[in-house]
Amino acid sequence: MLEIKNLHVSIGERKILDGLNLTVHDGEVAAIMGPNGTGKSTLSYVVSGREGYEVTQGEVLLNGENILGLAPHERAAKGVFLAFQYPVEIPGVATMTFLKAALNAQRRARGEDELQTPDFMKRVNEAAARLGVAKEMLRRPLNCGFSGGEKKRMEILQMALLEPRLCILDETDSGLDIDALRVVSEGVNALRAKDRGFLVITHYQRLLDYIKPDTVHVMARGRILRSGGPELALELETSGYKDYIGEAA
Amino acid sequence: MSDTATSAAADFKPAFDAMKNAGARSLRQGAWDAFLREGLPNRRVESWHYTDLRAALRSVAPLRAAEPATPVLKHGQESCRLVVLDGAFRPDLSDLSALPYGVSALSLRAALAQGETEILAALAGAADDPALALNAALMQDGAVLRVSPGCVLERPLELANFVSGGAAHSVYTRSLAILGAGAGATLLESFTPLERSGAQENHALILVLGAGAKLGHVATISPQGEDAVRVVSLLPTLGESSALNSFCLVEGGGLLRRQIFATLIGANADVSFSGASLLRNRDHADTTLVLRHEAPGGKSREFFRHIVDDTATGVFQGKVSVAPLAQKTDGAMQSKTLLLSDGASMNNKPELEIFADDVVCGHGATCGRLDADQLFYLEARGLPLKEAEALLVEGFAREAFESLNNEALREELFKRVGAWIGLRKVGI
Numbered sequence: 001m002l003e004i005k006n007l008h009v010s011i012g013e014r015k016i017l018d019g020l021n022l023t024v025h026d027g028e029v030a031a032i033m034g035p036n037g038t039g040k041s042t043l044s045y046v047v048s049g050r051e052g053y054e055v056t057q058g059e060v061l062l063n064g065e066n067i068l069g070l071a072p073h074e075r076a077a078k079g080v081f082l083a084f085q086y087p088v089e090i091p092g093v094a095t096m097t098f099l100k101a102a103l104n105a106q107r108r109a110r111g112e113d114e115l116q117t118p119d120f121m122k123r124v125n126e127a128a129a130r131l132g133v134a135k136e137m138l139r140r141p142l143n144c145g146f147s148g149g150e151k152k153r154m155e156i157l158q159m160a161l162l163e164p165r166l167c168i169l170d171e172t173d174s175g176l177d178i179d180a181l182r183v184v185s186e187g188v189n190a191l192r193a194k195d196r197g198f199l200v201i202t203h204y205q206r207l208l209d210y211i212k213p214d215t216v217h218v219m220a221r222g223r224i225l226r227s228g229g230p231e232l233a234l235e236l237e238t239s240g241y242k243d244y245i246g247e248a249a
Numbered sequence: 001m002s003d004t005a006t007s008a009a010a011d012f013k014p015a016f017d018a019m020k021n022a023g024a025r026s027l028r029q030g031a032w033d034a035f036l037r038e039g040l041p042n043r044r045v046e047s048w049h050y051t052d053l054r055a056a057l058r059s060v061a062p063l064r065a066a067e068p069a070t071p072v073l074k075h076g077q078e079s080c081r082l083v084v085l086d087g088a089f090r091p092d093l094s095d096l097s098a099l100p101y102g103v104s105a106l107s108l109r110a111a112l113a114q115g116e117t118e119i120l121a122a123l124a125g126a127a128d129d130p131a132l133a134l135n136a137a138l139m140q141d142g143a144v145l146r147v148s149p150g151c152v153l154e155r156p157l158e159l160a161n162f163v164s165g166g167a168a169h170s171v172y173t174r175s176l177a178i179l180g181a182g183a184g185a186t187l188l189e190s191f192t193p194l195e196r197s198g199a200q201e202n203h204a205l206i207l208v209l210g211a212g213a214k215l216g217h218v219a220t221i222s223p224q225g226e227d228a229v230r231v232v233s234l235l236p237t238l239g240e241s242s243a244l245n246s247f248c249l250v251e252g253g254g255l256l257r258r259q260i261f262a263t264l265i266g267a268n269a270d271v272s273f274s275g276a277s278l279l280r281n282r283d284h285a286d287t288t289l290v291l292r293h294e295a296p297g298g299k300s301r302e303f304f305r306h307i308v309d310d311t312a313t314g315v316f317q318g319k320v321s322v323a324p325l326a327q328k329t330d331g332a333m334q335s336k337t338l339l340l341s342d343g344a345s346m347n348n349k350p351e352l353e354i355f356a357d358d359v360v361c362g363h364g365a366t367c368g369r370l371d372a373d374q375l376f377y378l379e380a381r382g383l384p385l386k387e388a389e390a391l392l393v394e395g396f397a398r399e400a401f402e403s404l405n406n407e408a409l410r411e412e413l414f415k416r417v418g419a420w421i422g423l424r425k426v427g428i
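The listed protein sequences correspond, in order, to chains A and B.
If you're matching positions, the first sequence starts at 1 in my numbering and goes up one per residue.
If you're matching positions, the second sequence starts at 1 in my numbering and goes up one per residue.
So that you can see chain B by itself, here it is in the shape it has in the complex (with noise of 0.2 Å):
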C-alpha cells in the first residue's frame, strides 16, 4: 500500500466502518479496495489533472453523528418529489403517496437490503474512478425508482438532495433510476444547501434506460459555502433507440466536480449533455464528461457554456470515443467559456478516440471575452453599459437552456442567469 493509500485508508476508515455491513457488503468492499489503491486523486492523476481533490480534502469531514433537525422545504408542487437530507433518504418530506401509476420509489437502504440482482447490479456502476468508488464504498442512502415499461409520466419526477449547514460534515448519496422499455419521464435533481457550509458531498445518480425509454434530466446545483468540495456523478446507460435529454446548471460555491460517465449500450440510442456554470469569487467547478459509444447509429450532442468571473477556474474535459461496432455514430461537442475578468480562468480538454471508420464526429471549444463591436452597438442604442454588458452575458448562456424543452422550467431556471449577473460586484 502506497503512504498516499494509507493516509486515504486512515482519512476515511471510521466512515468506512460505520456504513461497510449497510447492505451490499461485497459491492462496498470491492469499491474500498479499489479506492485505496489509488487513493484520492490529484493532479497527476490525468482525468483529474484540473481538479486536485486530493488537496481540497486535507481534513476529512466525519459523517454527521445526529439527524438533522426535520427542515421546513420550499415545495412548488409541480413535481412529485423525493428528499434526501444528509444523505438519509427521508420518506416523511417526500411525496411518496403522490407517485404516479407505473413509479415504485424506495430508499437506497430499503433496495441493499432487499438485495434485487437487478437493482444491485446496476448500483454498482460501470465507472473507474475513485471519487466514485469511495461513493460506493460510502453510500448513506439514495433513491431507488422504477418506471415500468411503457409508462410515461406527466408530472416531473424530482430527487432533491438537500445538505445541512453548521460544521462541515461529509456527505454520500447514490440514486438508481430505470426506465423500462418504451417508459417516459423527466426527472429533476437538485442538489441544495439548506445554509452554505464547508460540507463534503460526493453524491452519484445512475440512469438505466431501457429500449425505446425517453428521459429528460434537468439537474441545479446551487451555491455552497467557499470550503465545501462537492463531486457529483451522473452514470446513464443508454438502451436501443432511447434517448436521453439532460441538462445542467452549475451555480459553484467552493469546489465543485461533476462528472458523467455515459454509455450508449444499444443502436440509435440519442443523448444529448447541455448546461450553464456561473463562477465567481474563488469558486472551481469542473465539468468532466466521458461519453462511450459501443453500438452503431448513436447520436450525442454536448453543448456547454461556462462564464467565469472574478478569480473564478472552470474545467471542461470532454471525451467522446467510440468503439469499433459504432458505425454510423453521429456526435458533436461544444463548449464556449466568457471570462469577465482578468483573474478568471478556463481549462478546456475536448477529446475525440474514434476506432469507427464511419462516424460524424466534431468538436470545438471556444474562451473569450465580452465582444467590444457587440457592447459598444447596445450602448449606442441607450443601454447603460452594466446593463448592456448582461444582456449580452444572458444572450451567452442563453444558448445552452435551449435545449430545455418544458418552456416554463427554462424560464424558471433561466431567471437564476439573471439574478447572478446582478449580483456581480462590479462592472467589466
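Okay, chain A solo, but in the shape it has when bound (with noise of 0.2 Å):
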C-alpha cells in the first residue's frame, strides 16, 4: 500500500527526514510515536502533498506508484486523505457545499460519475448519525464555531465519505477528552478494512488504547530509529523518548 524510501526533506536549509524508510500494508494500522520536533507531521504533509517542503532523496509509493510528482487533489483522488490536527476553520463556505465539492471532484479524477444530490444527502446523513455529528453543525460554515472534538469528528465523516485507501491521522487526539477520544476512535475503527491502510502519528500511547495499531513505529531525528509490534508503546510509555534523544546527543 504505501512504501516510503530512504526519504529526505528540507525546508529551507532545515533538514527535516533524513532517510526514512516505513511501509504500511493493505489491512495494517502502523501508529508513528515520537517526541515533539521529530518531523512527524512534516511526513504526514509532505505524503499528502503539501507546498513549501523540498524532497532532496527518495520515493513516496502509493500502491507502487511514486506520488511525490502529484498535487494534493490527485493524491486525494489515488486515496490519500489527511486527517488534520488542526482542522481549518472556513468561513463562509456551508460544510454541505464543501462535502459535495470535494466528493464529486474526487469522483471526477477517477472517472466515476457525480453524486447527485439525494444520494449524497443520504450518505452524509448515514455517517454523521454512525458518527454523532449532530445536522445542526453540517449546516454551519465549514468547521466555524465547532469545538476541537466536533472538528476532529467532522474529519473522521469527511474520511467515511471520501472512503480512501491511505488515512493519514496527524494527532487526531490533541485536544480531545476522553470521550470525544473514545467516539473518534470508534468511528475510525469502524473503518479499518482489508484494502486500507493506516498511519496513526501521536505522541502518547492513550490513543492507541482506543485504536489498536498492528505495528508501531519510533520516529526521531527525521528517521524511524525501532519498529516493533503494540507491546512497544507500552514500553515508551514507561520509558519515554530519552533513549532516542540520547542518540542525538
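Keep in mind that a hint or two might mislead.
Cut-off 25 Å, straight-line C-alpha distance, at most; resulting in silico cross-link-like pairs (SDA-like, lysine to any residue) [said to hold, decoys possible]:
(1) K386(B) x I4(A)
(2) K415(B) x Q116(A)
(3) K135(A) x A408(B)
(4) K336(B) x E89(A)
(5) K100(A) x L370(B)
(6) K100(A) x L423(B)
(7) K100(A) x L385(B)
(8) K415(B) x P141(A)
(9) K415(B) x R108(A)
(10) K100(A) x L413(B)
(11) K78(A) x E407(B)
(12) K336(B) x T97(A)
(13) K415(B) x P118(A)
(14) K5(A) x T215(A)
(15) K386(B) x G111(A)
(16) K78(A) x K386(B)
(17) K100(A) x F414(B)
(18) K415(B) x A101(A)
(19) K415(B) x T97(A)
(20) K135(A) x K386(B)
(21) K100(A) x E407(B)
(22) K386(B) x C144(A)
(23) K100(A) x E394(B)
Just some of the chain B residues that point at chain A, by a computed CB distance under 7 Å [claimed, not checked]:
(24) T313
(25) V359
(26) C361
(27) D373
(28) Y377
(29) A380
(30) G382
(31) L383
(32) P384
(33) G395
(34) F396
(35) E399
By construction, these hints were calculated from the structure, which means they are not laboratory data.
Values in this document were obtained by computation on a predicted structure and should not be read as measured data.
Note that the Cβ used here is the ideal one computed from N, Cα and C, for glycine as well.
Join the two chains, each given in its own frame, into one complex according to the hints.
This is how it looks when you write it as C-alpha cells:
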C-alpha cells in the first residue's frame, strides 16, 4: 500500500526528514510515535502533497506508484486522506457545499459519475448519525464555531464519506477529552478494512488504547529508529523518548 | 473664479445651459454655483483623495442629443419596475399600471414641474459634495416614488437605470423615494449598460424614511466599459424608529465612485449598509460612506467585502460621526478585502468622530490574500487548486450577502459572484 523509501526532506536550509523508510500494508494500522519536533507532521504533509517542503531524495509509493510529483488533489483522488491536527475554519463555505464539492471532485478525477443530491444527502446523513455529528453542525460554515472534538469528528466524517485507501491521522487525539477520543476512535475503527491502511501519528500511548495498532514505529531525528508490535507503545509510555533523543546527543 | 473652476464651467456649461430651465431653477442654480466654487474634485480634496474625478473627466462627454431606440428589456416580473433610460424616465418601459395600492410614481421632470414643496425640499438633498452638486445642477430626469403611511408592500419596487452604448455620453439622474410613517417596502436599484461604453454617469437616489418606516434597498451596479466614469450616490434620511437595510453588489468596470450620505435624524433608527465589490482588470471602485448619528439610540452597521484582482484598485472610506445629542448610539463598521494578485490594491480609511460620551462604536479593516492553510485543506480533500480558490473567494463574498433577507434574491445575486470567478483569466 504505502512504501516510503529513503526520504529526505528540507524546509529551506533545515533538514527535517533524513532517510526515512516505512512500509504500511493493506489493512494495517501503523502507529508512529515520537517526541516533538522530529518531523511527524512534516511526514504527513509530504505524503499528502503540501507545498513548501523540498524532497531532496527518496520515494513515496502508493500501491507501487510514486506520488511525489502529484498535486494534493490528485493524491486525494488516488486515496490519500489526511485527518488534520488542526482542521481549519472556513467562514462563508457551507459544510454541505464543501463535502459535495470534495466528493464529486474525487469522483470526477477517477472517471466516476458525480453523486446527485439525494444520494449524497443519504450518505452524509448516515455517516453523521454513525459518528454522532449533529445536523446543526452540517448547516454551519465548515468547522466554524466547532469545538476541538467536533472538528475531529468532522474529519472522521469526511474520511468515512471519501473512502480513502490510506488514512493519515495527524495527532488526532490532541485537544480531545476522553469521551470525544472514544467517539473518534470508534469512527476510525469502523473504517478499518482489508484494503485500507492507516498511519496514526501520536505522542501518547493513550490513543492506541482505542485504536489498536498492528505495528508501532518510533520516529526521532527525521527517521524511523525502531519498529515493533503494540508492546513497543507500552514500553515507550514507561521509558519515554529519552533513549532516542539521547542518540542524537 | 479659480482656473479649475473656470475649466469646469467651460466643460459643463453646455449641459447646464440645456438643463437650467428644466424645472427647479433656483435649486439648479445654487448647485451649479456650489459646483463652480470647487470644480471637479481631485486628490487634494480629502474625501476624494483616492479617486481623482478631475483626471478621469479630462474630456467631458455631451448629453445624448437624440433619444435612443426603444430597447427590448429583460424583466423577470418579480418586481414592479420603473425604467430610466439614458437619463430619461420611460413610462412606456415601466410597470406604471401595476403599481401597488398606496404607491405613487412620477417622473422627476413632472415632479419638478408640479413644484410641490415637500418634494423639492427632499430633492435638494443635504450633502456637501461637488459631484452631487453637479448632479443637482444637471439632473435630467429620474423617478419620484411615494409609499403612503402604513402601507406595507409585498412586491418589490425596482428603479432600473439603463444606459445605452455607442459614443460616450453623459447621464445625470436624480430619484427620490419617500416612505410615509409605518410604511414598508423593498426597493431594488439597478445600473445596467445596454452595451458597455465610456459613458459618464452621475446618479443620485434620495431616500426619506418616515417614523417607523422599513425599507430594504438592494442595488446592483453591473460592469461598464473600461473608460466609463460613474458616480452613484445614495442619500438616506431616517426618521424615528425607522429601519433601512441596504446592500450593493458592485461589479466594476472603469471608474466607479459609490457614495452614501446617511443621516439618522430620528431617535432609535436602525441602519445597515453592506456590499460586495468584484474588481478586475483596471477597475477602480470607491465606496465612500458618511454616516451621521444625530439622534439618540441609533444603531448602524456597515459590512463590506472587496475582492480585487489583476491591477484593479478598491477604495473604502467610511466615516461615522456621532453628534453630542446621539447618546446610546451603537455603531460597528467592517471592511475586508481579498487581494487576488500582486498588482491589485486597496485603500481602506475607516473613521469615527464621536461627540457623545455614552456610545459603543467600533471599526475594523483588513486586507489579505487567500489563506494557504485553507487552500491546502481543500486541495487535500480532492479539490483542484482552481476550484479550491473559487470556493474560498465565494466564501469570502458570501458573508456580505447574509444581510439580504430575501433568500431567492440573495441566491440570484450570489450567482453573479460565481460567474465573476468563472471569468478569471489565470490561477492565483
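Status of each hint after checking the structure:
1. Proposed proximity of K386(B) and I4(A) is contradicted: the alpha carbons are some 29 Å apart, above 25 Å.
2. At most 25 Å may separate the alpha-carbon atoms for a hinted pair to count; K415(B) and Q116(A) meet this at roughly 20 Å.
3. Taken as a hint, the K135(A) and A408(B) pair is honoured in the structure, with Cα atoms around 23 Å apart against an allowance of 25 Å.
4. Straight-line distance between C-alpha atoms of K336(B) and E89(A) comes to about 17 Å, which keeps the hinted pair within the 25 Å bound.
5. Straight-line distance between C-alpha atoms of K100(A) and L370(B) comes to about 22 Å, which keeps the hinted pair within the 25 Å bound.
6. For the hint linking K100(A) to L423(B), the alpha-carbon distance of about 23 Å falls within 25 Å, and the restraint holds.
7. Distance check on the hinted pair: K100(A) and L385(B) sit about 16 Å apart at the alpha-carbon level, within 25 Å; holds.
8. For a cut-off of 25 Å, the pair hint linking K415(B) to P141(A) stands: about 18 Å separates their Cα positions.
9. Taking the CA atoms of K415(B) and R108(A), the gap is near 23 Å; set against the 25 Å cutoff, the hint holds.
10. This hinted pair checks out: K100(A) and L413(B) have alpha carbons roughly 22 Å apart, not beyond 25 Å.
11. Under the criterion of a C-alpha separation no larger than 25 Å, the hint pairing K78(A) with E407(B) is inconsistent with the structure, at around 38 Å.
12. Using a Cα cut-off of 25 Å, the hinted pair K336(B) and T97(A) holds, with the two alpha carbons roughly 23 Å apart.
13. At most 25 Å may separate the alpha-carbon atoms for a hinted pair to count; K415(B) and P118(A) meet this at roughly 22 Å.
14. For the given pair, K5(A) sits about 18 Å from T215(A) by alpha-carbon distance, which is consistent with the 25 Å threshold.
15. Straight-line distance between C-alpha atoms of K386(B) and G111(A) comes to about 19 Å, which keeps the hinted pair within the 25 Å bound.
16. Simply put, K78(A) and K386(B) have alpha-carbon atoms about 19 Å apart, close enough for the 25 Å limit, and the pair holds.
17. Between the alpha carbons of K100(A) and F414(B) the distance comes to roughly 19 Å, so the proposed pair stays at or under 25 Å and holds.
18. For the suggested pair K415(B) and A101(A), the alpha carbons sit about 16 Å apart, so the restraint of at most 25 Å is met.
19. Distance check on the hinted pair: K415(B) and T97(A) sit about 14 Å apart at the alpha-carbon level, within 25 Å; holds.
20. Proximity of K135(A) to K386(B) is assessed by CA-CA distance (about 29 Å); at most 25 Å being required, the pair is judged violated.
21. This hinted pair checks out: K100(A) and E407(B) have alpha carbons roughly 21 Å apart, not beyond 25 Å.
22. Restraint check for K386(B) and C144(A): the C-alpha separation of about 23 Å stays at or below 25 Å, so the hint holds.
23. A distance of roughly 15 Å separates the Cα atoms of K100(A) and E394(B); the hinted pair therefore holds under the 25 Å criterion.
24. Below 7 Å, beta-carbon pairs count as interface contacts, and T313(B) has none with chain A, the closest being about 24 Å; its hint is therefore violated.
25. A least Cβ separation of about 28 Å between V359(B) and chain A goes past the 7 Å threshold, and the interface hint is therefore violated.
26. At about 24 Å, the closest approach between the beta carbon of C361(B) and any beta carbon in chain A exceeds 7 Å, and the interface hint on this residue is violated.
27. Because the closest C-beta pair between D373(B) and chain A is about 5 Å apart, less than 7 Å, the hint holds.
28. Hint on Y377(B) holds. Least Cβ distance to chain A is approximately 5 Å, under the 7 Å limit.
29. Restraint check, A380(B) versus chain A: the minimum CB separation of about 5 Å is within 7 Å; hint holds.
30. Nearest Cβ of chain A to the Cβ of G382(B): about 4 Å, under the 7 Å cut. The hint holds.
31. Given the 7 Å rule on beta carbons, the hint for L383(B) holds: about 5 Å separates it from the nearest Cβ of chain A.
32. Residue-level restraint check for P384(B) holds (minimum Cβ-Cβ distance to chain A is 5 Å; threshold 7 Å).
33. Proximity of G395(B) to chain A holds as hinted, the smallest CB-CB distance being about 3 Å (cut-off 7 Å).
34. Given hint, F396(B) at the interface with chain A, holds; its Cβ is 6 Å from that chain's nearest Cβ, closer than 7 Å.
35. A cut of 7 Å between beta carbons decides the hint on E399(B): the least distance to chain A is about 5 Å, and the hint holds.
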